[in-house]
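K.L.:
So the chains spell out like this:
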Amino acid sequence: MQQPPTPEERYEAEAQVISGQVRPARRAYTFLFTFPTLMALWVVLSGRFDAFHLSLGVISCALVSFFSGDLLFPHAPHPRLTLRLWWRFPLYVPWLLYQIFLANLHLLYLTFHPRMPELIDPHMVRFRSKLKSEMALLAFANSITLTPGTITVRVSPDGDFVVHAIDRFSGEALPGEMEQRLARTFGED
Amino acid sequence: MNLAVSIILGVGLVFFLGGAVGILRFPDFYSRLHPAGKMDTLGSFLMLGALALYHLHPFTLDNVLVAIKIALIVVFYFLASPTATHAIVDAGIRAGQAAWQKPGRGAGS
Amino acid sequence: MDKVFLYTGLILCLIMVLSLYRAVLGPSVLDRLIGVNAVGSKTTVLLVLVGLLFHRVDMFVDIALAYALLNFVAVLAASRYFQKRGGLGR
Chain A
1 MQQPPTPEER
11 YEAEAQVISG
21 QVRPARRAYT
31 FLFTFPTLMA
41 LWVVLSGRFD
51 AFHLSLGVIS
61 CALVSFFSGD
71 LLFPHAPHPR
81 LTLRLWWRFP
91 LYVPWLLYQI
101 FLANLHLLYL
111 TFHPRMPELI
121 DPHMVRFRSK
131 LKSEMALLAF
141 ANSITLTPGT
151 ITVRVSPDGD
161 FVVHAIDRFS
171 GEALPGEMEQ
181 RLARTFGED
Chain B
1 MNLAVSIILG
11 VGLVFFLGGA
21 VGILRFPDFY
31 SRLHPAGKMD
41 TLGSFLMLGA
51 LALYHLHPFT
61 LDNVLVAIKI
71 ALIVVFYFLA
81 SPTATHAIVD
91 AGIRAGQAAW
101 QKPGRGAGS
Chain C
1 MDKVFLYTGL
11 ILCLIMVLSL
21 YRAVLGPSVL
31 DRLIGVNAVG
41 SKTTVLLVLV
51 GLLFHRVDMF
61 VDIALAYALL
71 NFVAVLAASR
81 YFQKRGGLGR
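Protein chains in written order, with this note's numbering: chain A, 1 to 189; chain B, 1 to 109; chain C, 1 to 90.
Just so you know, the hints here were simulated from the structure itself, not pulled from any lab data.
Don't be surprised by glycine CBs; every beta carbon is placed ideally from N, CA and C.
Among the hints, a few may not be true.
Restraint-style ranges between C-beta atoms, simulated for each label pair [unchecked claim]: (1) V44/A to L25/C: 36 to 42 Å; (2) L14/C to I68/B: 27 to 33 Å; (3) C13/C to H106/A: 49 to 55 Å.
Partial chain B-side listing against chain A, Cβ under 7 Å, derived [as the list claims (entries may be wrong)]: (4) L33; (5) M39; (6) L53; (7) L56; (8) H57; (9) T85.
Computed list of chain A residues with no C-beta within reach of chain B, every gap over 12 Å [as the list claims (entries may be wrong)]: (10) F101; (11) N142; (12) L146.
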């Protein structure tokens with residue numbers, strides 16, 4: 001099992017990107033990941049499969065992924081971790097949708113309740129997450145924002161969260177099950 | 001099939017209506033963001049999903065491509081909406097917007 | 001089925017008017033931003049609906065996609081701008 005990149009590795013990769021001195025090997029590596037992604041997007045958006053349009057797509061996708069391939073994947077993805085993500089993440093999404101639906105119903109109830117100001121109780125929640133990689137933190141922050149009743153206000157790179165919750169009920173549910181599921185998804189348990 | 005699409009469209013409309021009423025009713029800027037950012041996401045997910053489902057009906061390549069494009073909008077929304085919400089909340093905190101407190105609660109917490 | 005789409009679009013327009021209230025009269029700039037964001041997300045759905053009504057979804061879905069991107073970028077840029085300016089008009 002390959003480990004996610006350490007902060008030092010990440011910092012080095014970022015410094016390379018900023019100074020523009022990306023090693024050729026890494027550039028080829030990111031090219032390999034960026035080009036198929038962009039090409040798939042091209043095919044879906046253009047919707048034409050004749051040789052002329054496809055060759056236009058190949059040329060423009062190659063140019064874009066040559067010049068700015070390191071923007072889409074700033075840290076060279078670890079192959080095994082990425083594979084694990086590809087079949088774990090679709091398992092996480094239906095659960096997230098179900099949670100979004102449940103919590104939206106709660107918010108709908110709050111919205112149409114005639115005595116709403118007595119029910120809500122906006123407050124800030126602070127907690128520390130055990131997730132480490134940036135992608136996991138991003139996914140966790142976005143999931144918190146999507147589950148109604150809670151909005152991520154601030155995230156620090158080492159996992160300090162400030163969350164705005166609309167009532168006691170949604171504030172108490174954090175970090176809870178969602179964090180465990182994400183830790184399993186990103187291979188950090 | 002048409003009935004299912006109509007029902008999902010109706011549910012999506014209810015969520016959109018909830019979002020709009022929530023924006024009007026909630027007392028302060030931070031709590032207004034809750035219905036704005038999220039009920040809209042779920043509403044557009046339901047409605048766009050229903051429209052994509054409806055458009056799949058003559059199952060041809062062109063229709064499938066259009067449905068994939070609609071799905072792409074949904075995926076983009078699920079990425080963009082939390083980011084936009086977070087940007088607005090961050091701007092509010094930095095600009096020093098006052099938060100509404102429940103009457104009878106101290107300034108703490 | 002066209003009738004269902006037509007009435008859905010009309011109700012959506014009414015809901016947009018509700019959100020527009022916050023966009024026009026919101027007490028602070030950021031409240032207006034919330035209203036604009038809400039109107040934008042409804043417009044995306046409305047564009048696809050209009051496409052279905054005109055039987056030209058293949059064209060309108062591209063416009064909807066571009067509009068969603070534009071709305072997102074506009075909200076991000078506006079929120080960045082107003083946080084730098086600090087004092088918000090009440």
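K.L.:
Please name the hints from earlier in the document that this structure breaks, with their numbers sorted from lowest to highest.
P.N.:
Structure breaks hints 3, 6, 7, 8, 10, 11 and 12.
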